[in-house]
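Trainee: Each chain is listed here by its residues.
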Amino acid sequence: MTDKPKVAVHKFASCDGCQLAFLNMGEDILTLAQLVDIVHFVEMGPVNPDASVDIAFIEGSISTPEDAERILRIRANSRYLITVGACATSGGLQALRNFSDGKEWLAAIYAKPEYVQSLSTSTPIARHVKVDLELWGCPVTGSQVLAVVRALLFGVPPWYEKDKVCLECKRRQTVCVMVVKGIPCMGPVTRTGCGALCPSFGRDCYACYGPAENPNAESLARRLEGLGLIPEAVARRFLFINGAAPAFAEAGLKRRGNAHD
Amino acid sequence: MTEKRRIPIQLPVLARVEGEGTLELHVRDGAIEDLRLRIFEPPRMFEKLLEGRDYTEVPDMVARICGICPVAYQMSAVHAIENLFGVQPGPWVRDMRRVFYCGEWIQSHSLHIHMLAAPDFLGFASITEMARQHADEVRRGLRLQALGNEIIRLLGARSVHPVGARIGGFHHAPARAQVDALREKLQAALPEAEALVRWTAALNLPTEEQEFTVVSLRHPREYPMNEGRMVSNRGLDISADQFESRFVEHQEAHSTALHCLHDGKPYLVGPLARLNLNLDRLPAPVRDLADSLGVKFPSRNMYHSIVARALEIVVAIREAIRLLEAYAEPSETYISVTPRAGTGYGCTEAPRGLLWHRYDTDAAGVVIKARIVPPTSQNQARIEEDLRLSLHALGVRQGDAALRRRGEMVIRNYDPCISCATHFLDLRVRELTHA
Numbered sequence: 001m002t003d004k005p006k007v008a009v010h011k012f013a014s015c016d017g018c019q020l021a022f023l024n025m026g027e028d029i030l031t032l033a034q035l036v037d038i039v040h041f042v043e044m045g046p047v048n049p050d051a052s053v054d055i056a057f058i059e060g061s062i063s064t065p066e067d068a069e070r071i072l073r074i075r076a077n078s079r080y081l082i083t084v085g086a087c088a089t090s091g092g093l094q095a096l097r098n099f100s101d102g103k104e105w106l107a108a109i110y111a112k113p114e115y116v117q118s119l120s121t122s123t124p125i126a127r128h129v130k131v132d133l134e135l136w137g138c139p140v141t142g143s144q145v146l147a148v149v150r151a152l153l154f155g156v157p158p159w160y161e162k163d164k165v166c167l168e169c170k171r172r173q174t175v176c177v178m179v180v181k182g183i184p185c186m187g188p189v190t191r192t193g194c195g196a197l198c199p200s201f202g203r204d205c206y207a208c209y210g211p212a213e214n215p216n217a218e219s220l221a222r223r224l225e226g227l228g229l230i231p232e233a234v235a236r237r238f239l240f241i242n243g244a245a246p247a248f249a250e251a252g253l254k255r256r257g258n259a260h261d
Numbered sequence: 262m263t264e265k266r267r268i269p270i271q272l273p274v275l276a277r278v279e280g281e282g283t284l285e286l287h288v289r290d291g292a293i294e295d296l297r298l299r300i301f302e303p304p305r306m307f308e309k310l311l312e313g314r315d316y317t318e319v320p321d322m323v324a325r326i327c328g329i330c331p332v333a334y335q336m337s338a339v340h341a342i343e344n345l346f347g348v349q350p351g352p353w354v355r356d357m358r359r360v361f362y363c364g365e366w367i368q369s370h371s372l373h374i375h376m377l378a379a380p381d382f383l384g385f386a387s388i389t390e391m392a393r394q395h396a397d398e399v400r401r402g403l404r405l406q407a408l409g410n411e412i413i414r415l416l417g418a419r420s421v422h423p424v425g426a427r428i429g430g431f432h433h434a435p436a437r438a439q440v441d442a443l444r445e446k447l448q449a450a451l452p453e454a455e456a457l458v459r460w461t462a463a464l465n466l467p468t469e470e471q472e473f474t475v476v477s478l479r480h481p482r483e484y485p486m487n488e489g490r491m492v493s494n495r496g497l498d499i500s501a502d503q504f505e506s507r508f509v510e511h512q513e514a515h516s517t518a519l520h521c522l523h524d525g526k527p528y529l530v531g532p533l534a535r536l537n538l539n540l541d542r543l544p545a546p547v548r549d550l551a552d553s554l555g556v557k558f559p560s561r562n563m564y565h566s567i568v569a570r571a572l573e574i575v576v577a578i579r580e581a582i583r584l585l586e587a588y589a590e591p592s593e594t595y596i597s598v599t600p601r602a603g604t605g606y607g608c609t610e611a612p613r614g615l616l617w618h619r620y621d622t623d624a625a626g627v628v629i630k631a632r633i634v635p636p637t638s639q640n641q642a643r644i645e646e647d648l649r650l651s652l653h654a655l656g657v658r659q660g661d662a663a664l665r666r667r668g669e670m671v672i673r674n675y676d677p678c679i680s681c682a683t684h685f686l687d688l689r690v691r692e693l694t695h696a
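Heads up: the sequence lines are chains L and V, in that order.
With my numbering, letter number 50 in the first sequence gets 50, and the count goes up by one each step, no holes.
With my numbering, letter number 298 in the second sequence gets 559, and the count goes up by one each step, no holes.
No wet-lab data here; the hints were simulated from the structure.
Among the hints, erroneous ones may be present.
Only pairs whose alpha carbons sit at most 25 angstroms apart, straight line, appear in this in silico SDA-like list of lysine to any residue [claimed, not checked]:
| hint | chain 1 | residue 1 | chain 2 | residue 2 |
| --- | --- | --- | --- | --- |
| 1 | V | LYS630 | L | SER100 |
| 2 | L | LYS170 | V | HIS432 |
| 3 | L | LYS170 | V | GLN439 |
| 4 | L | LYS181 | L | GLU218 |
| 5 | L | LYS181 | V | LYS526 |
| 6 | L | LYS4 | L | THR121 |
| 7 | V | LYS630 | L | VAL149 |
| 8 | L | LYS4 | V | LYS630 |
| 9 | L | LYS4 | V | ALA386 |
| 10 | V | LYS526 | V | GLY313 |
| 11 | L | LYS181 | V | ALA386 |
| 12 | L | LYS4 | L | TRP159 |
| 13 | L | LYS254 | V | GLY313 |
| 14 | L | LYS130 | L | VAL149 |
| 15 | V | LYS630 | L | ILE230 |
| 16 | V | LYS446 | L | THR121 |
| 17 | V | LYS630 | L | LEU229 |
| 18 | V | LYS526 | V | ASP549 |
| 19 | L | LYS181 | V | ALA625 |
| 20 | V | LYS557 | V | LEU497 |
| 21 | V | LYS446 | L | SER143 |
| 22 | L | LYS181 | V | LYS630 |
| 23 | V | LYS446 | L | GLY195 |
If you anchor each label on the Cβ, the simulated ranges turn out as follows [claimed, not checked]:
| hint | chain 1 | residue 1 | chain 2 | residue 2 | range |
| --- | --- | --- | --- | --- | --- |
| 24 | V | ARG601 | L | GLY257 | 26 to 32 angstroms |
| 25 | L | PRO5 | V | SER500 | 53 to 59 angstroms |
| 26 | V | PRO559 | L | PRO157 | 54 to 60 angstroms |
| 27 | V | LYS557 | L | ALA151 | 20 to 26 angstroms |
Which bits of chain L does chain V cover? Going by a derived footprint, with three or more residues having C-beta under 8 angstroms, they are [to be verified]:
| hint | region |
| --- | --- |
| 28 | 4–17 |
| 29 | 86–98 |
| 30 | 148–160 |
| 31 | 183–194 |
| 32 | 197–205 |
| 33 | 213–225 |
These numbers were taken from a predicted model, which means no experiment stands behind them.
Ideal placement from N, C-alpha and C gives every residue a C-beta, glycine not left out.
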């Protein structure tokens, strides 16, 4: 019992959806609990936030001073620290606040804007501590997290997707929604791993898996303009679920005209 | 003599509060003078994030408020925006939205019953511990949860943050063969769900009864889900656009979750509220099942929420079967809409209760203002009221451990979704003062 690898799942600012990658596994969750010792996973039951673990999965972004300290403690207690999902990996949808008309927004919301600077952003885990592996996706899937656990149990580096959604559409023989229907799809710059679900449903990819390896965001932005999107609409395509990921932020903010300070 | 006791709540009870939920009791002469459930979850400011976004983006955005009930957020949003634009998508979309919602009820209720509530009542720390002694029941629960997810996937491609819903309908219609295969699985699961109901009713549940107001949607014929007027056991009967005249949210300094009051008083939303108010809307076989139990509805025992949840799983499975039996692939999966300026309201029954949305858009359909009232902020004041009554009944002379354990069980009846409850906050919250 005791020599089983220890695993923790920690939550920060998030919707809990990536934790469901575990909780929606069905009976696999019982198998997983036999392979590893799940020592901290609040939503599942075990509570031991300060335990030393072999693998710490982190869901959610850092948006409070307390959380900025908590992640340091978790890092110190963890052999491998792995982010799961858009919030932990890029700051998530809530990171759009980072690009808001900062002062105006803060003044509208906070009594003492200068006092809450540290709360005015939602930042990815890697901005605060060393991250060993980032799993993109909003949400991540059960196979993504299980593949990581399995690889680490075998003692090999985990494999993860870096390709673009376009490649997955080709593999699935899904008709291209951009070429055939002129729908402004984010697939050409977005990391696959979802299974190219949106195009398979005849709609646009909205980039919930974040930037792929070497995304040519600027080129896609021009293509979207070619489809008739006004600059603000192009900006919104990039400034969405993973809007704070640098490649997307750059392409989006350029078209919005009020570049982030 | 005044004694102040701060009792930290074990985390799992608040399901996802991560060390930031505590129960604070002020006791004077053996009586509870003040009680506060302190919740600190980082606010994500969704209502602000929605401002300036195109109406087409809203369903994919609001899903991210809650990974456990994204369908509920998408449904309240599409109804509100269609209300604003003055369109009705027709019977196919209406039926499929109901199927979609059935999937989420089954998934969310099964998760709650087996991963959160049942281990509590049976004295286990987690579902994996419970599985060692109740393997069959746990596996049955996981199968039901998976089935709920499969229904969501049928129309949404994935069960967490599904991608199928849009203003006006769906992006995609499933193939007939796929629908038939799922319907057979649902048929096979029905006896399992009925057995689950009997199992929950046979749990050794506390018998304490309380007086409380219950609020839910009510539909002329159906068990409420996507449509209906808001009613209560105290004579309330209003439409979604009248919500703000009878329900007011206010901020408590001790919590980042807003508290919503109905005519100035706490009230209950969720499975027990729905069931108490809609017993006559249950399909006959489910009504018979409910009547055959040792637990009687309408009930004033909050612990009967787990039985209500199980009954709603049966309702949802039957409803999905009924609607999918009549399934035909449509010529169009959505209707086109023309944006206009105005205000729209939508209210649907999330697994945890009423979920009310209001959107103001400009003539191009860009969101000017959004307001979202999730079930957990509505239950917040009721949870505190229940804690006061329950802990008083238990006796505050009990040790902290006993009080904590009872407090956890009380809170768990409401299946609070803290992620949902705290995303809507005006940020002048207490946590800022100790930043």
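Trainee: Hint by hint, say whether it matches the structure.
Mentor: Structure-based check of all given hints:
A threshold of 25 angstroms between alpha carbons decides the hint, and for LYS630 of chain V with SER100 of chain L the separation of about 15 angstroms falls inside it, so the pair holds. Note on LYS170 of chain L and HIS432 of chain V: the hinted pairing holds, with a Cα-Cα distance of about 20 angstroms set against a maximum of 25 angstroms. Distance hint between LYS170 of chain L and GLN439 of chain V is fulfilled; the C-alpha atoms sit about 23 angstroms from each other, no more than 25 angstroms. For the given pair, LYS181 of chain L sits about 21 angstroms from GLU218 of chain L by alpha-carbon distance, which is consistent with the 25 angstroms threshold.
The suggested pairing of LYS181 of chain L with LYS526 of chain V is violated, with an alpha-carbon distance near 53 angstroms, which exceeds 25 angstroms. Note on LYS4 of chain L and THR121 of chain L: the hinted pairing is violated, with a Cα-Cα distance of about 38 angstroms set against a maximum of 25 angstroms. As the CA atoms of LYS630 of chain V and VAL149 of chain L are separated by approximately 43 angstroms, the hinted pair breaks the 25 angstroms bound. Note on LYS4 of chain L and LYS630 of chain V: the hinted pairing is violated, with a Cα-Cα distance of about 51 angstroms set against a maximum of 25 angstroms.
About 19 angstroms separates the Cα atoms of LYS4 of chain L and ALA386 of chain V, which keeps this hinted pair within 25 angstroms; it holds. A C-alpha spacing of about 34 angstroms is found between LYS526 of chain V and GLY313 of chain V, which places the hinted pair above 25 angstroms, so the restraint is violated. About 52 angstroms separates the Cα atoms of LYS181 of chain L and ALA386 of chain V, which puts this hinted pair outside 25 angstroms; it is violated. Distance restraint check for LYS4 of chain L and TRP159 of chain L: the Cα-Cα separation of roughly 22 angstroms lies within the 25 angstroms cut-off, and the hinted pair is therefore satisfied.
For the given pair, LYS254 of chain L sits about 17 angstroms from GLY313 of chain V by alpha-carbon distance, which is consistent with the 25 angstroms threshold. A hinted pair counts as satisfied when its Cα atoms are at most 25 angstroms apart, and LYS130 of chain L with VAL149 of chain L qualifies at roughly 19 angstroms. Proximity of LYS630 of chain V to ILE230 of chain L is assessed by CA-CA distance (about 22 angstroms); at most 25 angstroms being required, the pair is judged to hold. Straight-line distance between C-alpha atoms of LYS446 of chain V and THR121 of chain L comes to about 46 angstroms, which puts the hinted pair past the 25 angstroms bound.
The straight-line distance between the Cα atoms of LYS630 of chain V and LEU229 of chain L is roughly 23 angstroms, inside the 25 angstroms bound, and the hint therefore holds. Note on LYS526 of chain V and ASP549 of chain V: the hinted pairing is violated, with a Cα-Cα distance of about 34 angstroms set against a maximum of 25 angstroms. Restraint check: the Cα-Cα separation between LYS181 of chain L and ALA625 of chain V comes to about 23 angstroms, which is no more than 25 angstroms; the hinted pair holds. For a cut-off of 25 angstroms, the pair hint linking LYS557 of chain V to LEU497 of chain V stands: about 24 angstroms separates their Cα positions.
Taken as a hint, the LYS446 of chain V and SER143 of chain L pair is honoured in the structure, with Cα atoms around 23 angstroms apart against an allowance of 25 angstroms. A C-alpha spacing of about 32 angstroms is found between LYS181 of chain L and LYS630 of chain V, which places the hinted pair above 25 angstroms, so the restraint is violated. Restraint check: the Cα-Cα separation between LYS446 of chain V and GLY195 of chain L comes to about 24 angstroms, which is no more than 25 angstroms; the hinted pair holds. At roughly 27 angstroms, the beta-carbon separation of ARG601 of chain V and GLY257 of chain L lies within the given 26 to 32 angstroms, and the hint holds.
Take PRO5 of chain L and SER500 of chain V: their Cβ atoms lie about 55 angstroms apart, and the range 53 to 59 angstroms holds. Separation of PRO559 of chain V from PRO157 of chain L is about 58 angstroms and conforms to the stated range, judged on CB atoms against 54 to 60 angstroms. With their beta carbons about 53 angstroms apart, LYS557 of chain V and ALA151 of chain L fall outside the hinted range of 20 to 26 angstroms. Figure legend: the region 4–17 of chain L, annotated as covered by chain V; annotation consistent (8 residues with Cβ-Cβ distances under 8 angstroms, at least 3 required).
Here the region 86–98 of chain L counts 5 residues with a CB under 8 angstroms from a CB of chain V, which clears the bar of 3, and the coverage holds. Here's how the region 148–160 of chain L fares: 0 of its residues keep a CB closer than 8 angstroms to some CB of chain V, so the rule of at least three is not met and the hint is violated. Remark: the region 183–194 of chain L is not confirmed as covered by chain V, as 1 of its residues place a Cβ nearer than 8 angstroms to a Cβ of that chain, below the required three. Figure legend: the region 197–205 of chain L, annotated as covered by chain V; annotation consistent (6 residues with Cβ-Cβ distances under 8 angstroms, at least 3 required).
Counting residues of the region 213–225 of chain L whose C-beta sits closer than 8 angstroms to any C-beta of chain V gives 0, which falls short of three, so the coverage hint is violated.
Of the numbered hints listed earlier, those contradicted by the structure are 5, 6, 7, 8, 10, 11, 16, 18, 22, 27, 30, 31 and 33.
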